[in-house]
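So the sequences go chain by chain: Y, Z and A. For the first sequence, position 178 (counting from the first letter as 1) is numbered 177 according to numbering that gives the first Met the number 0, and the numbering increases by one without interruption. For the second sequence, position 428 (counting from the first letter as 1) is numbered 427 according to numbering that gives the first Met the number 0, and the numbering increases by one without interruption. For the third sequence, position 104 (counting from the first letter as 1) is numbered 103 according to numbering that gives the first Met the number 0, and the numbering increases by one without interruption.
Read the hints as simulated data drawn from the structure, not as lab findings. Don't take each hint at face value.
Dumping the calculated DSS-like pairs for lysine-lysine here, alpha-carbon to alpha-carbon at most 30 Å [unchecked claim]:
no.	chain 1	residue 1	chain 2	residue 2
1	Y	45	Y	56
2	Y	56	A	115
3	Z	597	Z	570
4	Z	537	Y	37
5	Z	597	Z	586
6	A	115	Z	11
7	Z	274	Z	559
8	Z	11	Z	597
9	Z	537	Z	559
10	Z	597	Z	537
11	Z	48	Z	11
12	Y	56	A	10
Some chain A residues close to chain Y (C-beta under 10 Å, calculated; not the full set) [as the list claims (entries may be wrong)]:
no.	residue
13	11
14	13
15	15
16	28
17	81
18	82
19	83
20	84
21	86
Keep in mind it's a predicted model, so treat the numbers as computed, not measured. All residues carry an ideal CB built from backbone N, CA and C; glycine is no exception.
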Amino acid sequence: MYAFDFERPSTIAEAVAALQDEDAQALGGGQTLIPTLKQRLASPSKLVSLSGIAEMKGVSIEGGVLTIGGGATHAEVAADACAPLAALAANIGDPAVRNRGTIGGSLANNDPSADYPAAMLALGATIITNTREIAADDFFQGMFTTALEEGEIITSVRIDVPPGGANYQKFEQPASRFALVGVFVARTANGVRVGVTGASEDGAYRWSEAEEALNKEFREDALMDLRPNPAIMIEDLHGSREYRAHLVRVLTKRAVAAIG
Amino acid sequence: MPKDHGIGASPKRREDVRFLTGAGNYTDDINVNGQAYVHFLRSDVAHAKINGIDTSAAEAMPGVVRIFTGADFEGVGGMPCGWGVTDRHGEPMQEPPHPILAQGKVRHVGDPIAAVIADTYEQARDAAEAIEVDLDDLPAVVDMKAALADGATKVHDDLTSNLCYDWVLGETDDAAVQAAFDSAAHVTTLELVNQRLVANPMEPRVAVGDYNRGTDEHTLYTTSQNPHVIRLLMCAFVLGLPEHKVRVVAPDVGGGFGTKIFHYAEEAFVTFAAKAINRPVKWTASRSEAFMSDAQGRDHVTRIELALDASNNFTALRTNTLANMGAYLSTFSSSVPTWLHGTLMAGNYKTPTIQVNVKAVFTNTVPVDAYRGAGRPEATFQIERVIDKAARELGVDPVALRRQNFITEFPYDTPVALTYDTGDYHGTMDKLEAAADFAGFAARRAASEAKGKLRGLGVNCYIEACGIAPSNIVGMLGARAGLYDAATVRVNATGSISVMVGAHSHGQGHETAFPQVVADMIGIDESMIEIVHGDTSKIPFGMGTYGSRSLAVCGSAMVKATEKVIAKAKKIAAHLLEASDADIELKDGVFSVAGTDKSVAWGDVTLTAYVPHNFPLEEVEPGLEETAFYDPANFTFPAGAYACEVEVDPETGKVTIERFAAADDFGNIINPMIVDGQVHGGIGQGIGQALLENCVYDADGQLMTGSYMDYAMPRADDVPFYTVDHSSQTPCTHNPLGVKGCGEAGAIGSPPAVVNAVIDALQSGGKNVDHIDMPVSPSRVWSAMNA
Amino acid sequence: MTQVSMTVNGKSASGTVEGRTLLSQFLRDQLGLTGTHVGCDTSQCGACVVHVNGEAVKACTMLALEADGAEVGTIEGQANADGSLNVIQQAFQDHHGLQCGFCTPGMVMSAAALLKDNPTPTEAEIRDYLEGNICRCTGYHNIVKAIMAASGQDVSGIAAE
């Protein structure tokens with residue numbers, strides 16, 4: 000790692016101030032950032048740890064609204080979020096990673112194979128920062144790219160618990176155990192939403208054809224004639240474009256079946 | 000009743016206590032006062048000409064002690080290859096130089112260009128970034144067939160081509176082989192890949208060099224399976240140091256699996272540099288660095304043909320293999336595709352005509368050398384896959400086809416240069432059929448199908464040549480080392496014993512198992528015996544641990560040394576008992592005169608040896624310490640039969656291992672618990688090869704699988720509990736313990752069982768798939784099903 | 000350089016570290032607690048697992064300064080007060096749950112964290128929980144068996160010969 004200064008503020012305001020320095024970077028749980036730093040692929044002048052900020056912690060459900068602090072760990076989400084999201088969080092990385100990694104850190108990184116982005120899209124989540132609220136549909140802007148400005152911190156995430164249920168199906172890349180493809184299907188108050196991660200060159204996306212079909216008829220067979228377009232898919236050692244496109248459909252079907 | 004002590008018992012491992020409490024002493028735990036740290040600047044391209052290296056800016060960086068480049072090693076020996084292979088025309092293999100730091104060219108991603116020594120590791124790394132290397136990129140040679148094409152770019156400009164050797168074993172008359180195929184009733188042909196693997200012991204390599212100016216002595220602490228071999232190679236071939244001035248210590252070592260056999264440039268470098276800068280130098284590999292600097296394994300591409308007569312007897316076998324050497328010849332690289340692979344192509348079967356053709360090829364990739372099994376898994380996979388394919392083509396039961404062709408009479412001279420001393424392949428298969436519950440498979444398949452899954456049962460046999468190796472034979476075959484081993488049994492005055500062994504334990508449990516043997520021979524408690532290993536200053540000599548050789552070779556040396564100790568102790572006892580030493584019996588740690596009640600205890604004899612007041616000084620010397628070297632008369636031939644049951648998800652292609660059973664014949668067994676564990680671990684690695692692991696380079700020679708993010712290591716949820724049976728025992732006929740070795744069996748025997756099971760599952764589902772290359776990943780299975 | 004203080008295995012420990020100093024480096028290099036091992040650089044192998052405020056974390060993927068004020072537990076603090084092996088350690092020895100010993104500290108620390116939350120895990124739960132701990136020696140058979148045994152389950156029927 001290159002040398003950097005370190006600060007661990009206890010309020011969001013202090014963190015925002017600390018991030019004003021040139022090349023300062025926020026540190027969530029560090030489960031992606033620290034390995035990146037070890038490879039010397041990033042050289043922040045300063046890391047501002049968000050782990051000491053009490054107002055960014057906690058997971059709560061009130062009146063059908065789930066609120067997750069940006070500093071909540073995957074383990075905390077797994078313990079306290081609504082069932083489908085809890086199940087997703089319980090399968091991110093491994094237990095030790097889940098005890099450190101945070102939802103805010105994961106969303107800000109927007110790894111194209113991360114689990115949360117699919118869920119945020121499908122659940123129509125609102126990403127709340129120190130300055131504004133961003134709809135999930137506007138937040139994810141392609142691989143490792145988000146709507147966040149320099150120094151902007153994800154303070155919490157707000158989700159309307161889907162009344163019709165939701166389910167996440169993940170097919171793991173055998174080495175990293177990230178999603179080779181992951182599909183989150185939610186029956187929200189505004190209809191069915193399908194979020195897909197791991198598959199596309201452009202990062203997580205909504206599969207609108209499937210949403211349309213499932214809004215007409217919420218059953219597996221509704222997907223029978225749909226074929227995701229392989230041209231937009233990632234191709235790598237672990238799977239071809241065609242295979243990923245196939246998995247998108249299979250996993251969507253399985254999620255629909257699981258919701259019932 | 001299981002035994003509770005001595006040979007055949009399973010005492011808890013004594014080494015575990017330190018490992019379980021964080022008190023192990025691994026090489027990275029060793030820090031020498033005043034040490035500096037070295038970071039190697041490694042090539043990030045696969046092939047390039049080095050025009051120049053400018054270290055001036057880097058040398059001015061904070062903390063930098065000194066920077067070395069290839070120019071500093073002009074006239075210093077390179078890394079040697081320990082086995083000269085003679086090709087089919089009687090010519091020596093092409094053997095390029097392998098400098099400690101790259102000279103003239105870089106030849107693989109990871110090839111070290113410069114070594115930066117600084118006060119801290121991070122300073123060394125900072126300075127390495129300031130080194131300016133002027134490189135002219137050259138085309139990378141990656142694919143083996145392309146490497147052998149006319150006009151291919153040469154990895155080594157001074158060689159005539161990228162062909163290291165073109166080797167043949169068995170029937171050298173091509174026409175005779177072809178005649179056997181021409182007269183066959185059926186020929187089965189298969190093209191397959193034994194993919195490149197990375198050994199990945201969990202402890203990355205570490206080397207610490209220390210130099211004592213006062214005594215002119217070097218000490219190298221290193222993560223090695225064979226410290227004496229490192230000392231010998233480094234002193235004799237690389238640095239030209241006198242061996243008596245060099246001590247090599249391999250303390251607790253966190254797994255080896257072959258890749259810690261070899262002498263590596265980093266070891267020679269820290270030894271050299273510690274004297275040059277007069278300061279200890281430490282190098283600790285990161286895992287990322289390990290992926291591009293540890294010798295890798297396998298990487299064979301083979302076409303195999305099996306001929307059968309009208310009664311389904313095997314009549315001929317022919318193989319053509321390309322074996323990847325990587326960019327340089329690692330220590331034992333040349334022996335793996337030849338004498339450790341071709342000689343095993345008879346398998347467990349009486350095939351009268353066998354021809355094995357191997358071309359070894361240089362490419363711009365990390366060097367390839369022995370990895371658990373080393374040549375034998377490659378051989379087994381070919382034989383057992385082609386037999387399975389033949390059985391399916393002929394519509395016969397794969398197990399019955401194997402049984403029909405088993406070798407049943409021993410000793411058996413194979414057409415590929417080995418003499419199997421003993422075995423019972425039907426008996427072992429019988430054990431497997433019970434352990435794997437073949438009878439219940441149909442019901443289990445029906446249950447899987449009811450869930451929408453395909454279920455398959457795969458079976459295979461294996462044989463391996465272990466207990467490596469008779470020095471005179473391997474010498475004739477090109478080995479540049481002897482492969483005996485040594486032990487010193489030092490009896491202390493109070494009767495406790497230190498046994499200094501040349502074998503090195505890096506997970507095998509020698510500290511527990513070896514004392515069981517000595518304790519049994521003398522009749523004393525195992526706790527009185529301690530094993531000393533891993534330090535050239537403490538042990539007589541030793542060729543180390545690999546090739547499932549420790550007990551068969553070093554254990555035999557230990558038995559011989561113990562026999563010498565007992566013989567001498569009997570003379571002392573005879574003197575004390577005023578009897579003839581021919582009449583002295585040793586039982587349960589007591590010497591007695593046959594037919595009398597006169598006796599003297601072990602401890603009284605050992606005390607007398609060191610306090611020789613009443614002692615037969617004319618007959619024997621005081622003291623009680625004996626050394627023996629043991630050179631085996633033959634290889635040992637562990638063999639077995641393995642069965643795997645898989646479920647395949649036909650929608651995604653995902654394979655899950657539902658059951659795995661192994662029946663092995665290891666001859667006599669000293670510690671069944673440890674043997675079980677060795678088999679479990681080998682199976683885990685074999686399943687890794689079959690389903691998960693793959694070391695991949697792109698067309699430019701970039702390593703695509705340079706971390707655990709892309710190189711899939713088997714995890715706990717990738718594997719089931721295994722059923723292991725080693726009650727089929729035909730003791731080795733030529734070593735005193737009758738042992739054969741068990742360290743590699745699991746890795747050798749398991750990959751074909753897994754792949755055979757997947758094919759069985761797919762065919763049961765009506766899929767016309769007769770082979771899938773490893774790793775049988777979900778995407779490959781899906782592609783095969785939908786081809 | 001910054002002062003950092005924490006409680007390690009019940010004793011207060013402090014030192015001066017850089018921002019980039021990892022908890023694993025602080026434990027190994029400054030406190031001499033070399034039982035915490037480093038087997039990879041991508042946060043996957045788990046040889047470095049320790050407990051921070053009672054939870055399993057990868058010490059190679061946490062900055063030492065992030066542990067300021069924390070209660071840290073390492074393999075060196077796991078044995079019983081009289082120095083004997085604790086239940087999990089003993090089960091690993093009894094069932095041959097280790098070979099080279101390099102992954103073992105992380106395995107024991109992960110097993111302890113699992114059993115704290117799930118006192119009698121099933122085989123599948125154990126295998127799932129160990130996703131972040133790689134062992135190259137044992138094929139996991141005896142590790143899973145040892146953890147089941149440590150949780151008081153009868154393992155005599157596993158893979159009977």
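Here is how each hint holds up against the structure:
1. For the suggested pair residue 45 of chain Y and residue 56 of chain Y, the alpha carbons sit about 22 Å apart, so the restraint of at most 30 Å is met.
2. Proximity of residue 56 of chain Y to residue 115 of chain A is assessed by CA-CA distance (about 23 Å); at most 30 Å being required, the pair is judged to hold.
3. Between residue 597 of chain Z and residue 570 of chain Z, the direct Cα distance comes to roughly 15 Å. Compliance with the 30 Å bound is thereby established for this hinted pair.
4. About 39 Å separates the Cα atoms of residue 537 of chain Z and residue 37 of chain Y, which puts this hinted pair outside 30 Å; it is violated.
5. Restraint check: the Cα-Cα separation between residue 597 of chain Z and residue 586 of chain Z comes to about 13 Å, which is no more than 30 Å; the hinted pair holds.
6. A hinted pair counts as satisfied when its Cα atoms are at most 30 Å apart, and residue 115 of chain A with residue 11 of chain Z qualifies at roughly 26 Å.
7. Proposed proximity of residue 274 of chain Z and residue 559 of chain Z is contradicted: the alpha carbons are some 40 Å apart, above 30 Å.
8. In summary, the hint linking residue 11 of chain Z to residue 597 of chain Z is not supported, as the alpha carbons are separated by about 36 Å, beyond the 30 Å threshold.
9. Note on residue 537 of chain Z and residue 559 of chain Z: the hinted pairing holds, with a Cα-Cα distance of about 19 Å set against a maximum of 30 Å.
10. The suggested pairing of residue 597 of chain Z with residue 537 of chain Z is violated, with an alpha-carbon distance near 38 Å, which exceeds 30 Å.
11. Only pairs whose Cα atoms come within 30 Å are accepted, and residue 48 of chain Z paired with residue 11 of chain Z is rejected, the gap being roughly 55 Å.
12. Pair hint residue 56 of chain Y plus residue 10 of chain A holds up; C-alpha atoms about 29 Å apart against a cutoff of 30 Å.
13. Interface hint status for residue 11 of chain A: violated, as the beta-carbon distance to the closest one in chain Y is roughly 19 Å, over 10 Å.
14. Taking 10 Å as the C-beta cut-off, the interface hint given for residue 13 of chain A is violated, the closest approach to chain Y being about 16 Å.
15. For residue 15 of chain A, the interface hint is violated, since its Cβ never comes within 10 Å of a Cβ in chain Y; the closest pair sits about 13 Å apart.
16. Taken as an interface hint, residue 28 of chain A does not check out: its beta carbon lies about 15 Å from the nearest beta carbon of chain Y, beyond 10 Å.
17. Look at residue 81 of chain A: its Cβ only gets to about 29 Å from chain Y, farther than 10 Å, so that hint breaks.
18. Among the interface hints, the one on residue 82 of chain A is violated; its C-beta lies about 27 Å from the nearest C-beta in chain Y, farther than the 10 Å criterion.
19. Interface hint at residue 83 of chain A: violated, since its Cβ lies 27 Å from the closest Cβ of chain Y, which is beyond the 10 Å cut-off.
20. The closest approach between the C-beta of residue 84 of chain A and any C-beta of chain Y is roughly 23 Å, which is over the 10 Å cut-off, so the hint fails.
21. The closest approach between the C-beta of residue 86 of chain A and any C-beta of chain Y is roughly 20 Å, which is over the 10 Å cut-off, so the hint fails.
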